[in-house]
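Start from the sequences and build out the full structure, keeping to the hints where you can.
Read top to bottom, the protein sequences are chains A and B.
Positions in the first sequence are counted from 1; adding 9 to them yields the numbering used here.
Positions in the second sequence are counted from 1; adding 549 to them yields the numbering used here.
No wet-lab data here; the hints were simulated from the structure.
Values in this document were obtained by computation on a predicted structure and should not be read as measured data.
Ideal Cβ placement from N, Cα and C applies to all residues, glycine included.
Hints are supplied without guarantee of correctness; some may be wrong.
Said to hold, decoys possible - Simulated coverage check for chain B against chain A, where a stretch passes if three residues somewhere in it have a Cβ under 8 Å from a Cβ of chain A: (1) 572 to 581; (2) 733 to 739; (3) 824 to 830; (4) 859 to 872.
Said to hold, decoys possible - Sample of chain A residues with no beta-carbon within 10 Å of chain B, all distances over it, derived: (5) 33; (6) 150; (7) 298.
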Amino acid sequence: MSLLSVDGLRTRYVTHGRVVNAVDGVSLEVQSGETVGLVGESGCGKSTLGKTILRLLDPVEGSIRLRGHDIADLGQHALLPFRRQMQMVFQDPFGSLNPRQTIGTLLATPLKVHRRGNRAERRRRVLDIVSRVGLPAEALDRYPHEFSGGQRQRIGIARALVLEPDLIVCDEPVSALDLSIQAQILNLLVDLKRSLGLSYLFISHDLSVVRYFADRVLVMYLGRIVESAGYAALWREPRHPYTRALLAAVPQPDPDRPRGPIALRGELSSAAAGGCRFRARCPQAFDRCTSEDPPLRKVADGHLAACHLA
Amino acid sequence: MMPPLLDVHDLAIGFPGQDVVHGISFHIDAGETLALVGESGCGKSITAFALMRLLPPAARILRGQVLFEGADLLSASPRQMRAVRGKRISLILQEPMTSLNPVLTVGAQIAEVIRQHETLSRSATSRRVLELLDLVGIPEPQRRAGEFPHNFSGGMRQRVMIAMAVACQPRLIIADEPTTALDVTIQAQVLDLLDSLRRQFGMAVLLITHDLGVVAQWADRAAVMYAGRIVEQASVRPFFRHPRHPYARGLLGAAVSEAGTAAEGGHYTTQRLTEIPGSVASAAGEPGCPFAPRCPDMIPACRAAPPGLETVADGWEVACIVATREEVRHVAAVG
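Below, the structure is given as structure tokens:
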């Protein structure tokens, strides 16, 4: 059984009387111990998808199965035991840490909410987590502002880990960090995955980071998954024209490997009714793309793409 | 030999109680792109603002010279500076939404730049505005000129900023993280546009960035800053092939690059990322090389004084006593 299995998920925002399907019929799976990367441009719905899976947002349609239990329609109280199993690491470790709580309080709070252990046991658990993420025990008596960006992200990771979850949704966890600190945090996430048997849904706009960190990669465009493949296959043989354009646009830190021409014109905009939602920007669009919305279908073993030409 | 377009000498900048740039020297030749690379807080943005004499009130220029077309901008009068800004040197910032006026149409803001520096009739100015919008790839310039910044996407707003920056065909554009807020496909479009305009008008660009991929793809030379000092500067090609300063080497090692194919590595299952231990704050208040506490090559002499830039090859300077010593040994062995 998959650790996480999402089927036909839809999340809707209503703004200024306009309805936007930010997540528009997404199905995906995360196996136990797997890291699934989720990439796409800003506004494609990747963060909304992550938050809906954690039930921080409510879906309008579809199922979210955690080890087979559908949590899509559960009320807050019934959700509590499942929340323990899924946690989130946010992009901005400062905005997501209460500035008036010490790190010790911050980390013990989830344990209290979930009624885990007594005071002494909670303290032991918090100490253990803090050392696992590479912070000194003295950190517990200090406040978030006393830490650098990289250290704050370690605290954010510690908070996600304190309840011993199986799945962590990481939403751009290293995007706000400097390069030298990014490597520290990515190495830490790898170590924790190995020692604790974690699974990650790793949301990022940075393709190089996802290429390094994910086992399997989902490419999202305007609320839909348009391609899904193992990291090696996706970089070796991207099938969707959007994926190809995205990969070609990443500037390589190597002056001897110039970028190819950017086939992609224009910017992410709302989907035109009917047909493929990528067709307006697609260099290969033809008649059928206007009349028929391509479904996500198998194009090779373990490789799905939503394109008539894939 | 032509003197450089911009020649910065021993520029030092401080806030009360804290110096942030400790005497940096670099130059930009006419028509070239120099990337000023470094992590947040290294002093690269404050350097850009100092060149334009647009420092925040608390900041002071402590010493140095900024020679632009032969004249020292640091001793120019406010009036002389106004004639330089937008006309001879333009600035493009990271977030165009905050640098554009939200209650003026885009066309009016571009026209304002032109009016500031040139005497053109009303109709000639508006023709020029439309030409500029067209030049930076904004479709339907006639209609778009009458719209407000919030009607534009991030990428389109940055194109508007570029239109304003090139309106008077300056000699130098300072672009401070111009694409950091943009998606990767838009980033490539915007930087390609800036690069083609640079060639077209023979402008020089000072490209401030933290992204090594951007440096490799769009710059001619790179100057790497660390804790308010330039630690290495060189042409991009040899620099990426063989960076000399341990910090620069660490940065390139820490970059999750896609060198090689997916099958042969560069994945967490087979390869650990090179970490630079600690953080920039590690060396605060110590007398020696600011990178010493994080440096894998540190020797006791590094703790004595911060090393100055030394030439290791033509157009290649490094501020590291270990790296330059190795260079001398290497040259001696080869020679």
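Hints and how they fare:
Only residues whose beta carbon comes within less than 8 Å of a beta carbon in chain A count, and the segment 572 to 581 of chain B has 0; fewer than three means the coverage is violated. For the segment 733 to 739 of chain B, the stated coverage by chain A holds: 6 residues have a C-beta nearer than 8 Å to a C-beta of that chain, and at least 3 were required. With 5 residues bearing a CB less than 8 Å from a CB of chain A, the segment 824 to 830 of chain B meets the requirement of three and the coverage assertion stands. With 0 residues having a beta carbon nearer than 8 Å to a beta carbon of chain A, the segment 859 to 872 of chain B misses the requirement of three or more and the stated coverage is violated.
Under the 10 Å C-beta cut-off, the non-interface status given to residue 33(A) relative to chain B holds; the minimum distance is some 19 Å. With a cut of 10 Å on Cβ distances, residue 150(A) stays outside the contact zone with chain B, its closest approach being about 20 Å. Listed as a non-interface residue, residue 298(A) keeps its Cβ farther than 10 Å from every Cβ of chain B; the least gap is roughly 19 Å.
Checked against the numbered hints listed earlier, the structure breaks hints 1, 4; every other hint is satisfied.
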